[in-house]
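Going down the list, the protein sequences come from chains A and B. Going by this note's numbering, 13 is the number at position 13 of the first sequence; the sequence numbering is gapless. Position in the second sequence (first residue = 1) + 51 = this note's numbering.
Everything labelled a hint here was simulated from the structure, so no lab data went into it. Careful: at least some of the hints might be erroneous.
With a cut-off of at most 27 angstroms between alpha-carbon atoms, the simulated DSS-like pairs for lysine-lysine come out as follows [claimed, not checked]:
no., chain 1, residue 1, chain 2, residue 2
1, B, K112, A, K26
2, A, K20, B, K146
3, A, K13, B, K92
4, B, K146, A, K30
5, A, K30, A, K13
6, A, K23, B, K146
7, A, K31, B, K126
8, A, K40, B, K133
9, A, K37, B, K112
10, A, K37, B, K92
11, B, K112, B, K54
12, B, K147, A, K37
13, A, K37, B, K133
14, B, K112, A, K20
15, A, K26, B, K144
16, A, K40, B, K147
17, B, K92, A, K26
Read off the chains here:
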Amino acid sequence: MAELTNDQKKILKEYEDAMKVIKGIKVDPKKIAELVKGAKQLEPGWKEDPD
Amino acid sequence: MGKTSTRHITAISTHLNTASTSLDQFVRARTEYEAHSSNDKVSTALHQGPEAWARFRSTEKPIVDRMDAALAAAKAAVRSAKADLAVFDAFIKQKKTSMRSKILPKILTSIGSSERFIASAGTTLTGLEPQLNVKIPRR
Chain A
1 MAELTNDQKK ILKEYEDAMK VIKGIKVDPK KIAELVKGAK QLEPGWKEDP D
Chain B
52 MGKTSTRHIT AISTHLNTAS TSLDQFVRAR TEYEAHSSND KVSTALHQGP EAWARFRSTE
112 KPIVDRMDAA LAAAKAAVRS AKADLAVFDA FIKQKKTSMR SKILPKILTS IGSSERFIAS
172 AGTTLTGLEP QLNVKIPRR
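Just need the whole structure built from these sequences, with the hints factored in.
Take a look at the structure:
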């Protein structure tokens with residue numbers, strides 16, 4: 001395979017850097033799902049008390 | 052107390068649901084992106100010439116768009132959930148000092164549960180927010 005031109009190498013480097021940023025976003029949907037569950041569990045308790 | 056609190060909790064729950072769905076969508080799109088735009092595949096597409104490169108870019112765009120959209124939706128939902136949490140927190144604190152709350156153990160139990168929920172949700176959302184502010188680079 002022919003060697004990449006300098007411009008192509010630059011593109012490849014930009015992709016590597018972008019991938020680092022994208023992989024760096026640490027999200028945990030499970031934690032949020034637990035909070036959704038927690039909020040649902042609170043609802044019935046509150047409903048039993050009149051305003 | 053019941054109706055107002057239920058309204059707050061329902062609003063928070065709705066935002067958290069949106070955040071949860073959006074984060075799932077982001078994680079799925081990111082997995083696709085990692086597979087699509089790995090170093091080897093970028094390198095191969097560059098080697099194969101302009102047409103292959105154009106194909107590569109055209110198949111990549113919708114994935115990046117989905118990542119961006121999911122991240123933006125999650126960010127908005129987290130901000131809304133945090134804003135509603137703050138309002139609910141203030142409401143709980145005000146109720147806690149009322150005579151009625153002091154004499155009703157059941158209400159106190161509910162307040163305790165809510166405070167724990169607010170603390171837990173606040174910590175999680177605050178930890179998550181800076182991550183969601185990261186902008187996905189576009190070439």
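Evaluated hints:
Of the supplied pair hints, the one linking K112 (chain B) and K26 (chain A) holds, its CA atoms being roughly 22 angstroms apart against a limit of 27 angstroms. Between the alpha carbons of K20 (chain A) and K146 (chain B) the distance comes to roughly 47 angstroms, so the proposed pair goes past 27 angstroms and is violated. For the suggested pair K13 (chain A) and K92 (chain B), the alpha carbons sit about 13 angstroms apart, so the restraint of at most 27 angstroms is met. Taking the CA atoms of K146 (chain B) and K30 (chain A), the gap is near 31 angstroms; set against the 27 angstroms cutoff, the hint is violated.
Simply put, K30 (chain A) and K13 (chain A) have alpha-carbon atoms about 33 angstroms apart, too far for the 27 angstroms limit, and the pair is violated. The suggested pairing of K23 (chain A) with K146 (chain B) is violated, with an alpha-carbon distance near 44 angstroms, which exceeds 27 angstroms. For the hint linking K31 (chain A) to K126 (chain B), the alpha-carbon distance of about 15 angstroms falls within 27 angstroms, and the restraint holds. Taken as a hint, the K40 (chain A) and K133 (chain B) pair is honoured in the structure, with Cα atoms around 17 angstroms apart against an allowance of 27 angstroms.
Between the alpha carbons of K37 (chain A) and K112 (chain B) the distance comes to roughly 35 angstroms, so the proposed pair goes past 27 angstroms and is violated. Proximity of K37 (chain A) to K92 (chain B) is assessed by CA-CA distance (about 40 angstroms); at most 27 angstroms being required, the pair is judged violated. Straight-line distance between C-alpha atoms of K112 (chain B) and K54 (chain B) comes to about 46 angstroms, which puts the hinted pair past the 27 angstroms bound. For the proposed pair K147 (chain B) and K37 (chain A), the alpha carbon gap of about 24 angstroms is at most 27 angstroms, so the pair holds.
Distance restraint check for K37 (chain A) and K133 (chain B): the Cα-Cα separation of roughly 17 angstroms lies within the 27 angstroms cut-off, and the hinted pair is therefore satisfied. With a C-alpha separation of about 18 angstroms, the suggested pair K112 (chain B) and K20 (chain A) falls inside the 27 angstroms cut-off, and the hint holds. The hinted pair formed by K26 (chain A) and K144 (chain B) fails the criterion: a straight-line CA distance of about 33 angstroms is larger than 27 angstroms. As the CA atoms of K40 (chain A) and K147 (chain B) are separated by approximately 21 angstroms, the hinted pair is consistent with the 27 angstroms bound.
As the CA atoms of K92 (chain B) and K26 (chain A) are separated by approximately 24 angstroms, the hinted pair is consistent with the 27 angstroms bound.
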